[in-house]
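Undergrad: Sequence:
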Amino acid sequence: MEKQVILFGAGRYGKEALDYFGRERVFCFADNNPALEGQRIFGLPVISFARLKEVHGDYDVVISTGVSVLFAIAAQMEEAGIHHYRFFLNILEGENQGLPVPEQEDLPEEVPEGCKRVLMAAYFFPPLSGSGVFRSIKFAKYLPRFHWWPTVLSTDRPPLEMNYWDESLLREIPAGMKVVRIPDPVYSVRMRLFSPETEKALLAFLETVLRHDQEAASIARALVQTGEGRARLLTFPSPALLWAYEAVQYIETQMDLSEFDVVYTTSGPFSAHLIGFYLKETYGIPWVADYRDPWTDIHQKDWSMASPDQKLLVLLERILLKAADCSIAVEEHFAKSYVERFQIPEERVSAITNGYDEADFSGLPVPEEQPPKFTMVYSGILYDKYRTTGFAAFLEALGQLIAEGSMDPADIQLRMIGAMTIEGRDVLRKYDLGAALEETGYLSHQEALKENYRASMLLLLLGDEDGIKFSYTGKFFDYLRSGRPILAFAHGDGVIAQALRVTGHGMAFSSTQLPEIKRFILREYQTWQRGGKRELLHSPRIEAFERKNLTGKLAEILDRTGAGGYRRGK
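Just so you know, we're using this note's numbering here: the sequence shown kicks off at -9 and counts up by one.
I should point out that these hints are in silico values taken from the structure, not numbers from a laboratory.
Be a bit skeptical, because a hint or two may be false.
[To be verified] Pairwise CB distance ranges (calculated):
#, residue 1, residue 2, range
1, 528, 434, 22 to 30 Å
2, 336, 73, 51 to 59 Å
3, 272, 513, 28 to 36 Å
4, 35, 521, 51 to 59 Å
5, 394, 355, 34 to 42 Å
6, 398, 538, 51 to 59 Å
7, 217, 434, 22 to 30 Å
8, 272, 208, 33 to 41 Å
9, 513, 249, 51 to 59 Å
None of the values given here were measured: they were computed from a predicted structure.
All C-beta atoms, glycine included, are put in the ideal place defined by N, C-alpha and C.
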């Protein structure tokens, strides 16, 4: 008889592991968070690490966390004498093993005449997919139009935490553009523990950055004194630290930096910016750092009293921002925050949003008639409290409209483009709407856009918390261009609500605005009932988010940063 499982980690991955093993197989959760001890999550108790040490021999212990803390927990277990455990992400590892790794092409680059050159460190790049990929591939695709030619440093397969793969995106890479795919054995969890040689090299690499701030260096020296602290540093500021180190080794041994005018790095993962910092400090090459999502300001947390490794992240963010020739944020508020929080000169911080690519929509069939059912489409997963709260409010509104007789449940279809979580299924069961659900699983970008076109209404779940009022989701811009009405759960004074107001492409609500949410859904449902032809919504204001226009902004930054040229070599 199989042993029952104790899941170490009661967060997102603990919940996914519970779904994987099944409730009947899992005995309990264990977690380092003292606030969870004695609580119940999905009906299962949460025990402390001290209790785990007492009972672990009778159970199958599985570490169910993300990679960022996985190795630190493994070190904690080893130091406590617990040597028999498994990684949940390792259990899932087989899902990545069947993915075909793109072949490395050892061919000379075909750099168009008159193009300056940028070395682009973009961990997420096709055939990897997911929201972070699109910013990088679209910049790489359109930069040659502005006389910049990228050479790309990427990785060879997606992390198990994301596991998105879309070979159709390879067609976006311009012919003759070189993409160097550097394997990452840590982020894909193929390495159980670091070898002493690897550990020494990584800590030395990290020290070359942290030594530029006295407080950061002091925190690192304290952390390195324990096994758990070292494990945290070895995946700091992200699990892709080893990938960044390997990328630097490749650059120094296989590339000629004198061929490039600028280095551009993009995060996540956070570790990508260590490449730009190292090359700037060591060789003097101009460096542009694109932060996409901010590190420590996204939810407006108080980081001043944070744990040592969280405080270290703030200090590293400051080190990198002060070193880069230009730093890019995805929204003006975050750019201003960098200037104010870290005293960065305004001229060295810019904002470029994400967007949509008009070419992605070329040739897609646009249904003119209403679909057979009132079809509500959501793309993504329900992985945090912000999204699940909005999803619950949406289903509550649907349930009330059905109970009132305003909507016929037989007319309704809810299509989920992506993965439904345990929380989402529980909410559906609560409102007895499981029959309306259709899950497609992960779809290619083109197929997801087709689903948007087929929809009667698009559902956007972000959250109405103050800390995310300035955040966009990547799919929002594709939603805008898809031209179907958008029901958004977002801050009423935030950037999404503002964009919907000025474009007329939908409305944003708080999860507490149930009457208003019901009116919006009912209005679109009645439009569907009337049938007939339907026109795409299209405000000229959305064209500010078109990828070619956004790439032009990046080209201007590269022009300024690389002015005068760089030909110093190694």
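Undergrad: Does each hint fit the structure? Answer for all of them.
TA: Okay, the hints, checked on the actual structure:
Between residue 528 and residue 434 the beta carbons are some 24 Å apart, a value that agrees with the proposed interval 22 to 30 Å. A hinted range of 51 to 59 Å holds for the C-beta pair residue 336 and residue 73, which are about 54 Å apart. For residue 272 and residue 513, the hinted distance range of 28 to 36 Å is not satisfied, since their beta carbons lie about 60 Å from each other. Between residue 35 and residue 521, the C-beta spacing of about 53 Å keeps the proposed range 51 to 59 Å intact.
Residue 394 and residue 355 have their C-beta atoms about 36 Å apart, which keeps the hinted 34 to 42 Å range intact. The hinted window of 51 to 59 Å between residue 398 and residue 538 is violated, with their beta carbons roughly 44 Å apart. Take residue 217 and residue 434: their Cβ atoms lie about 43 Å apart, and the range 22 to 30 Å is violated. In this structure the supplied range 33 to 41 Å is violated for residue 272 paired with residue 208, their Cβ-Cβ distance being about 24 Å.
About 58 Å separates the C-beta atoms of residue 513 and residue 249, a value consistent with the hinted range of 51 to 59 Å.
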